[in-house]
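Peer 1: Residue numbers (our numbering), protein chains in the order written: chain D, 1 to 345; chain S, 1001 to 1333.
In case anyone wonders, no lab produced these hints; they're calculated from the structure.
Just so you know, not all the hints are guaranteed correct.
[What the hints assert, rightly or not] The calculated lysine to aspartate or glutamate pairs, modelled on DMTMM-like cross-linking and capped at a C-alpha distance of 25 Å, are: (1) Lys1301/S with Asp58/D; (2) Lys1301/S with Glu1287/S; (3) Lys1136/S with Asp57/D; (4) Lys1109/S with Asp1089/S; (5) Lys1113/S with Asp57/D; (6) Lys1109/S with Asp1273/S; (7) Lys1109/S with Glu1159/S; (8) Lys1113/S with Asp1090/S; (9) Lys1113/S with Asp1145/S; (10) Lys1288/S with Asp57/D; (11) Lys1288/S with Asp1300/S; (12) Lys1136/S with Glu1166/S; (13) Lys1113/S with Glu1060/S; (14) Lys1288/S with Asp93/D; (15) Lys1109/S with Asp186/D; (16) Lys1113/S with Glu1166/S; (17) Lys1136/S with Asp1121/S; (18) Lys1288/S with Asp229/D; (19) Lys1288/S with Asp1319/S; (20) Lys1136/S with Asp1187/S; (21) Lys1142/S with Glu1060/S; (22) Lys1142/S with Asp1099/S; (23) Lys1301/S with Asp57/D.
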Amino acid sequence: MTGRACTPGAVLVAMLLLAASMAVALGIGPVSVSVGDVLAVVARRLNLGAYDVSPLDDQIVWQLRLPRVLGAAAVGAGLAVCGVVLQSLTRNDLADPYLLGISSGAAVGAVTVIVLGVSFAGLVGSAAVTAAGFVGALGSLVVVLALAAGRRGSLSPTRTVLAGVAVAQVCGAYTSLLVIMTGDSDAARRVLTWTLGSVAGLRWSSAVIVSVVAIVATAAFVAFADQLDAFAFGETSARSLGVDVNRVRWALMVGTALVTACLVAFVGAIGFVGLVVPHIVRILTGPGHRVLLPMSALVGAVLLVWADTIARTLVDGQEIPIGVVTAVVGAPFFAWLLRRTRERS
Amino acid sequence: MSIAAASVVAMTAALVLAGCADAPESEPAAVSAADSREGPAFPVDVAACGHTSTVETAPERAVTLNQGATEVMLALGLEDRMAGTAYLDDPEPPTRWADAYASVPVISKEYPKREELLAVDPDFVYASYASAFDPKVAGTPKELDALGVASYLSPFGCEDDSLRPEPSFEAVWEEIEAVGSAFGVSDDAAELVAEQQDVVAGLADDAAGAGTTVFWYDSGDKTALAGVGGGGPQVVIDATGATNIFGGIDGGWEDVSWEKVIAADPDVIALADASWSTADDKIAYLEKDPVLSQLRAVQDKSYVVVPYSQSTAGVTLVDGAASLAEQLSQLSS
């Protein structure tokens, strides 16, 4: 558990693991493409040589699978680092990226578009769902922060969590009511599918956006590593170590919320990654954020790449929501975590 | 020819299977057979989903809940025997029965409350989905029996799915015959069934879809909800002799991977048209997506459009098949 000593080694191993996972995952899917063909498609697209590639293989590997594999990795990384930051900021083991009601707010926007079939900001279909989800998430963030902020602009973790719960409840009531009241025979199904999340719809344009968001977020949060380490000893200690507690807390709360809002808008509310991965990585590398953050990003990425691979292959020819897969993996861990915290307290 | 033969075998098999799986269903068919020979004779028993109602005299104040049940009544010309109807799935009633539909009082837009239903003094309640017999809506069939109100639930809507027949024309016809016997109009029911049988036989002879692969695109974007091997869409596709690219998957509709669609590269894409997912929306999505727009059927604009209600097991299923066949022959000409 000597964090700093094993940094380069552990991170390097995790990077190799991610690269290998992505390469293997590219070859796995409902339509079988041989490893050689996968390599040929990628090599040809990267201008590494004139390989003979069938248009079908190119479409499946490069146009369909690579964006979703890349997107899954980025979403996994983004959610995991947001989970790390929020758990440290609130000193709450059960904090996850959806703590501030982000997913519920996004659901309000997305479900409105899905159920009422309205266009949003001139967009229709899945683009409208994405845009409305993002705006909904920002809306809930503003309300949560307004409720949580103290008189002198302080942001108490407890108030923030409670405000998040309140907003999530109201948003949940709205989405349930909307589905029940207007529910045509298909609405409930599509809402459930959105809620459980899927990276199946990611194409290059959206995969690039979530990848940039995840990389920028990880880098930005690593820049706050020392402050986050100080938070681990409590607010008073952090203050005595020279951390501007309130400013850092605001910056990171808003930062994680924006990242989460973006990811949720594209892929829905994929659960458990942001909760579970930080705990796994803490066990592996210790609590130092300089290692914890990049390692969480990599482990989260690997986890979602495999979760998505299972989602598209478990039932032949059919897609199951990725949230179901992460829940099946995450729930037992969550239970164990609860037991552990109970024993400790 | 071999495809026509195969579809006959498949339909026969479906009929046999439906008969085996669901013992209670054979009763109304038997009654209706007796009726056609001897004329209307009451009381008759109607049975579905494990419940048998005795219809003492020919119902004059029937209430239908759900569009499928309403359509069967209108197709049999029974609108003057109806005291009310409720809950269309589509925004508008089917145009062909618009006048008949307009002559029936609409009790409520969706399910009526139990009091609203009983207020019209019904003597028969006929519904498509088990949810209609919720205690808050019509009440359970037993409760209705106690009030002297007979009831019938479409076998496709049985709560116990082991009692639900696999969608097929034969199962639709059995429902029509059961309703016919309950209202003492078995001859009309037999005539309607014979008409539909002629249409289906004609479609099998034409085999407009022979040698054509079809992807039945119901809804969805990240994944596609496709018509697969055991639902209304499959029956409609089979009737034209075409091949469903997802015919090997069990169930009525399933989420499928776009990868499989790309790999199968179907000749034709059949689009279900529904208020919640219109055919136009789906065409726009297919043509905008960088990958799906490369599908052969999208490039050639080989689309056929079938109203969603004609892809569900009901009296208009045969219209879906006829419409698909006609559009397929237009595409190939």
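Peer 1: Does the structure break any of the earlier hints, and which numbers would those be?
Peer 2: 3, 5, 12, 14, 16, 18, 19, 20, 22
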